[in-house]
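Student: Chains as they are written, first to last, in this note's numbering: chain B, 1 to 524; chain E, 1 to 297.
The hints are simulated quantities; they were obtained by calculation from the structure and are not laboratory data.
Since the structure is predicted, the reported quantities are computational estimates derived from the model, not experimental observations.
No residue lacks a Cβ here, since even glycine has one placed at the ideal position from N, Cα and C.
Heads up, a few of these hints could be off.
Claimed, not checked - Derived DSSO-like pairs: lysine-lysine, alpha-carbon spacing no greater than 30 Å straight-line:
| id | chain 1 | residue 1 | chain 2 | residue 2 |
| --- | --- | --- | --- | --- |
| 1 | E | K150 | B | K285 |
| 2 | B | K99 | B | K285 |
| 3 | B | K357 | B | K311 |
| 4 | B | K214 | B | K285 |
| 5 | B | K174 | B | K99 |
| 6 | B | K311 | B | K285 |
| 7 | B | K346 | B | K285 |
| 8 | E | K150 | B | K367 |
| 9 | E | K150 | B | K365 |
Unchecked claim - Counterexamples of contact, computed for chain B against chain E with all Cβ distances above 10 Å:
| id | residue |
| --- | --- |
| 10 | K176 |
| 11 | H268 |
| 12 | S437 |
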Amino acid sequence: MKRLSVLLMVAATLAVSAGGAYAQKRGGELRFAVSAEPPDYDCHAATSFAFIHPVRPHYNTLLKFDEPKYPAVKGDLAESWTVSKDGLTYTFKLRRGVKFHDGSPFSSADVKATYERIANPPEGVRSIRKAAYADIAAIETPDANTVVFRLKQPNASMLTNFASPWDCIYSAAKLKEDPKFPLRNVLGTGPFRFVEHAAGSHWVGRRFEDYHVKGRPYLDGFRAIFIRDTSARVTALQAGEVLAEFRGQSPADRDKLVKALGDKIEVHESPWVCSLVVTFNTERKPFDDARVRRALSIAVDRWQGAKALSKIAIVRHVGGLLRPGYELAAAEKDLVQYPGYGRDIKKSRAEARRLLKEAGVPNLKFKLLNRNVPMPYTHVGVFVIDQWRQIGVQVEHELPETRAYISNLRGGNYDAGMDFNCDAVDDPNLQLAKYISADRSPINYGRYNDRKLDALYDQQKGELNPAKRAAILREFERHALNEGYTFPTIWWHRIIVHWKEMKGWYMSPSHYINQDLQDVWLDR
Amino acid sequence: MSTATTAITYKVPKRRHPVIQFTMTQPLGAAGLVVIVIMAIAGFFAHIVAPHDPLDLDFGAMLAPPSWEHWMGTDAFGRDVFSRIIYGARTALAVGFLASLAGSGLGAVIGVASAYFGGRIDMLIQRFMDILLAFPIIVLALAVVAVLGKWPVGGLDVNLIIAIAIPMVPKVARVVRSSALAIREMPYIDAARAAGYGHMRIIFRHITPNVVAPFLIMFTAFIAQAILLEASLSFLGLGVTEPTAAWGLMLSGASQEFYVQAPWMIIFPGLAISLAVFAFNLFGDSLRDWLDPKIKL
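In isolation and in its complexed conformation, chain B is listed as follows:
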């Protein structure tokens, strides 16, 4: 009986696979819009979706996210892997027959060279995610198809790190010749080879005929078209000039496209691993006083704001320091216990006024530094300024252009700032990096040091038991929100509208992942 069940399962799996294989169509060029374009071509130094959308299809990573089963990971260049019981050794078996686009063979040496470049970048090479690999003690290559990572201490996020879309695997030979080779060249093992980048216009990739996954990619190629203006992008989508835009649409644009195109399009929605946070410059008075920071946090009615702003902006969810819906995030019953998340806003505002009075600043005035990008920065900025007005605080809204905004935020030239916390994946190590001490985190713009937060951060990072890790995370959140150095406003909501003829693409809570286009096909 047991054998029969197994046989039936195998038969069913084969039938589904066969059916799937027959359903996909080969050929065609996928045209999609990107609202900005990459300044250079080095994955390890990049941070923007404008980079990942055109560049990712040229590369593979060691692991990648299993699209329909996010946040589960699966092998990309790794065929299989094992993790030692103590969590200190990760052994990957690599796929055979993989080639770079120039025909050279891929081996474990390429993985080693890539991760050494990320973890310990040579002089002149920028590695943004270096800290995520600080626990790596050694990388060994016992043979051409095996790579072993030895860690100094357990790291609960290590497998997620290995699936990062930014960790493009480069050719060891090319890196040896020139460590800056990827900055101006695109050479990967991915499903599409690079054809051209016409600055200000488009980016083109063509199918890599020697791609190691048989029958993939389905597309002949892709063309990323750079369209900066939002209304022009929506018009291009509406006209069918592009079939998709993978960052996200506003609710108004979604409604416009649904009205115009009806059942020709598909709409996908998901909470987004992005939030706008308010950060206080704790080196400036009165923001060095926790009572002032807490007052400003608890005066914000996140529940009402989320409901209202979701109608006009790409924000919708009330959450703590981790994305609402993520398995390690705080549930609503925990959230309402945190300062600033209570349901009784009148009571919270009375407390906020009391705190400001106690701190000696009942008629507080300050400037809110925000980014000159309407969606959703200005919308959320207008919202929090209104919330603060209701406790008698007057705020001037400063909206410099992006370069000045970032420079002021990094340089501490602000009172309070609207900052963003966007990541490729749900991972406490990534999302909490903004909250740990400034002398440890380059993205802490609050300029404070809090050793309790640092200790809790390290504790959760090394905790491999999810339940125990969640408990530490709750303590971290409670302390961070009590201190109020930086507090989340409203979490983003991702809306993707694409033409139905584009198939095989999966929605995710991040606009950085699921973009290698390996399984995407056109139903024409």
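Using the hints, position chain E against chain B.
Tutor: Then chain E, alone, in the frame of chain B:
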């Protein structure tokens, strides 16, 4: 031989108050002035006139169409459009008046000085004015805003006013210079020189009062241009910032997303800008006709 004498009688016309005279001879200009005065009063007493606080968010009335409660509807944040237009008049008129005053004033001084000194100084000043004139107004203002950044004083951005004023300078300087060139040749200027008066005294006491008419005309005409420029810069995100009530700003941001669903978000601020510009232009043109003796003849 007898000599016939004819008695000629002169009827001295009754001297009317200048305002009545202006209204009788320039009815369109007077209408423009009425609109300007109404806007100025509404803007000045906005806190009394406006039915709602322009900054109050009302999430229960987002994108509400015009009604008794909200005469011109509400915007994406539920803010009352009518109240924001009234408060916006304060921003528009203050920026327009101050920018025009600064631009026209500086232009007049440069124009008079250029005409008075003549020679190499005149040549240098005029070539510099040519350079400024070579830039389209909006491009020049954009560049100035980008370089200077923001300098908020009393709710107004001083650098925005400077940015709007600078493109006006060469235009006023040209017109005033041409008037001053004629005045420079007058005998009383020679007399003042002969009496040993200093340049400053001659420029400010003897020439400047005589170029007040063209200055006034340019000044009123440029208020309209300044209002339009302020609205354009705010629309482009370089003027005043949210949540301040300003007409140009009301046309940008969320309005661009919801103009189909809520057209009142753009129609009423657009009308306010048009009406203000039209009123100042009518008044400026009429003032020119009224003050120019050649046109009176």
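Student: Hint by hint, note whether the structure agrees.
Tutor: Going through the hints against the structure:
no.: 1; hint: E/K150 x B/K285; result: 23 Å, holds
no.: 2; hint: B/K99 x B/K285; result: 58 Å, violated
no.: 3; hint: B/K357 x B/K311; result: 35 Å, violated
no.: 4; hint: B/K214 x B/K285; result: 62 Å, violated
no.: 5; hint: B/K174 x B/K99; result: 14 Å, holds
no.: 6; hint: B/K311 x B/K285; result: 36 Å, violated
no.: 7; hint: B/K346 x B/K285; result: 27 Å, holds
no.: 8; hint: E/K150 x B/K367; result: 13 Å, holds
no.: 9; hint: E/K150 x B/K365; result: 18 Å, holds
no.: 10; hint: K176; result: 44 Å, holds
no.: 11; hint: H268; result: 20 Å, holds
no.: 12; hint: S437; result: 32 Å, holds
Figure legend: structure checked against the earlier numbered hints; hints not met, in rising order: 2, 3, 4 and 6.
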